[in-house]
Amino acid sequence: GRFITFPNVHTRDPESGARNVGMYRMQVFDERTTAMHWQVHKVGARHGKVYYQRGERMPVAVTLGGDPALTFAATAPLPDGLDEILFAGFLRKKSVELVKCKTIAVEVPADADFVLEGFVQPGEMRPEGPFGDHTGFYTAVEDYPVFHLTAITHRRDAIYPTTIVGPPPMEDFYMGDATVRIFLPVFKMNFPEMVDMTLPPEGVFHNLVFVSIRKQYPYQAFKVMHGLWGMGQMMFSKYIVVVDEDCDVHNTSEVLFRLCANTDPERDSTIIRNPSDSLDHAPSKQNIGSHMGIDATRKLPGENYHRLWPELLKMDERVQTIVDSLRKN
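Positions in the sequence shown are counted from 1; adding 17 to them yields this note's numbering.
Just so you know, the hints here were simulated from the structure itself, not pulled from any lab data.
Just so you know, not all the hints are guaranteed correct.
With a cut-off of at most 27 Å between alpha-carbon atoms, the simulated DSSO-like pairs for lysine-lysine come out as follows [what the hints assert, rightly or not]:
#1 K59 / K302
#2 K110 / K205
#3 K205 / K302
Hey, can you work out the whole structure from these sequences and the hints?
The structure is reproduced here in structure tokens:
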């Protein structure tokens with residue numbers, strides 16, 4: 018079917034008044050209805066649950082286009098409760114002007130190219146999918162809430178934004194990579210030992226994380242793994258590999274070399290049960306799976322290693338300079 022793939026979906030908790038802007042794909046059913054693909058872990062679904070329990074239909078606004086800062090904020094791994102619109106204002110260094118919708122009590126950015134207004138009815142579900150997703154697979158057909166359109170407004174000469182996802186790397190991978198770089202200082206605030214982190218394209222965001230640390234004490238790598246699993250969307254990370262600070266996490270070959278050379282599978286790995294990404298087809302049950310952490314760092318006393326750890330083979334700096342010069346010539 019047809020999909021709206023770049024929507025900023027605006028919802029509000031009816032009890033606390035907290036706003037949320039998330040990006041959830043929308044399959045177009047007909048001229049008046051679409052699917053609303055908010056997964057169980059998403060804030061939009063949490064807001065919906067409050068409305069459903071109250072027996073009230075949920076007002077929803079969808080904006081397309083406008084300042085890219087809001088689109089980024091809608092996809093960013095913000096701490097729970099941090100307002101995406103306020104964060105977008107911080108990014109662009111000025112507040113986001115909001116206007117009231119025509120048919121629902123929701124405010125949206127004034128510079129949006131398109132605004133879709135409507136509601137989600139409690140208990141109404143329809144099959145959504147299949148959809149060729151960023152995982153490289155078609156997601157299965159599943160029931161999701163239905164969005165009913167009540168109004169469309171748009172700017173003069175409006176531009177309709179969209180994105181195409183599929184096997185990485187595609188557009189969404191580069192957006193995700195930029196997100197990691199922007200939020201790296203936040204991770205370092207929580208983990209002072211962290212040097213760098215990346216999510217390789219082979220892992221399609223949540224499946225694989227490489228982290229380098231300044232290791233100072235035994236089992237520090239495991240401390241970092243469990244800390245990451247406790248941070249928002251990082252809970253979906255299926256594999257976390259921790260290496261020493263002298264390993265370039267952006268060089269996958271180098272990380273794999275350290276993983277193979279520095280690990281004993283039984284000693285240096287841990288497996289936990291954790292929430293899993295709804296789009297991950299591997300777990301036996303949806304939304305619940307196992308995650309593995311691997312300590313590929315040098316072993317310290319106290320880490321059940323009873324031999325002399327070898328030095329990493331490195332070329333003498335003088336010889337390295339000569340070799341580099343020969344390569345250039």
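Each hint tested on the structure:
no.: 1; hint: K59 / K302; result: holds (18 Å)
no.: 2; hint: K110 / K205; result: holds (23 Å)
no.: 3; hint: K205 / K302; result: violated (33 Å)
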